[in-house]
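Participant: Sequence:
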Amino acid sequence: QATKDAGSIAGLEVLRIVNEPTAAAIAYGRDRSSEGAMKTVLIFDLGGGTFDVTLLNIDGGLFEVRATAGDTHLGGEDFDSRLVDYFATEFRTRTGKDLRGNARAMRRLRTACERVKRTLSSSASTNIAIDALYEGFDFFSKITRARFEEMCRDQFERCLEPVRKVLKDAEVDASAVDDVVLVGGSTRIPRVQQLVQNFFNGKELNRS
2 QATKDAGSIA GLEVLRIVNE PTAAAIAYGR DRSSEGAMKT VLIFDLGGGT FDVTLLNIDG
62 GLFEVRATAG DTHLGGEDFD SRLVDYFATE FRTRTGKDLR GNARAMRRLR TACERVKRTL
122 SSSASTNIAI DALYEGFDFF SKITRARFEE MCRDQFERCL EPVRKVLKDA EVDASAVDDV
182 VLVGGSTRIP RVQQLVQNFF NGKELNRS
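When we follow the numbering used here, the leftmost residue of the sequence shown carries the number 2, and every step to the right adds one.
Misleading hints may appear alongside valid ones.
Unchecked claim - With a straight-line cut-off of 27 Å between C-alpha atoms, the simulated DSS-like cross-links for lysine-lysine are:
{"hint": "1", "residue 1": "Lys40", "residue 2": "Lys169"}
{"hint": "2", "residue 1": "Lys169", "residue 2": "Lys143"}
{"hint": "3", "residue 1": "Lys204", "residue 2": "Lys40"}
{"hint": "4", "residue 1": "Lys98", "residue 2": "Lys143"}
{"hint": "5", "residue 1": "Lys166", "residue 2": "Lys40"}
{"hint": "6", "residue 1": "Lys204", "residue 2": "Lys166"}
FYI, nobody ran anything at the bench for these hints, they're computed from the structure.
Just so you know, these numbers come straight off a predicted model, no measurement behind them.
All chains should be built: construct the whole structure from the sequences, respecting the hints.
Facilitator: So, in structure tokens, the structure goes:
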């Protein structure tokens, strides 16, 4: 309802709303409407809190959804939580203080971890620095992209499970997928891109 209200406030006549994978498919199809041949397209939508995969056929202006799957408990926030736990443990090891019971300190740490995650999408390493994080203790640390990838390895690999499911449900081989479209901020994570690209035998990914 909030999305509809926002459209109305902006002066739009809201007829209906579609989910993000469908919107991405429509945008993809519009950009390639002149290409003619039918395409089998996989939309890989990994956002902050949820994950959706949609397999569909696009033929001109016609969109046929073949299969959908997802994981409502997988997204950028889960990757943030791994970082939060990692740094909270490091803070306790250094100071002897456990900040997990302090809501303000945890909010500040989570905000910093979100920045760390984004930075590691374009840098091999980054620093985290928070003044007076808890009980007067400053916190400074460094983390590499490789360490982040290792701590989230099981979560990243889970991203392929809905991909396998939609292909199985639609009885389509990975080699028959013409294009893979990435949607959502968490698809900027290099390891996620690498896993998807490897699954589709090195196919160039379409980054929305």
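Participant: To test your reading of the hints: which numbers does this structure violate?
Facilitator: 2
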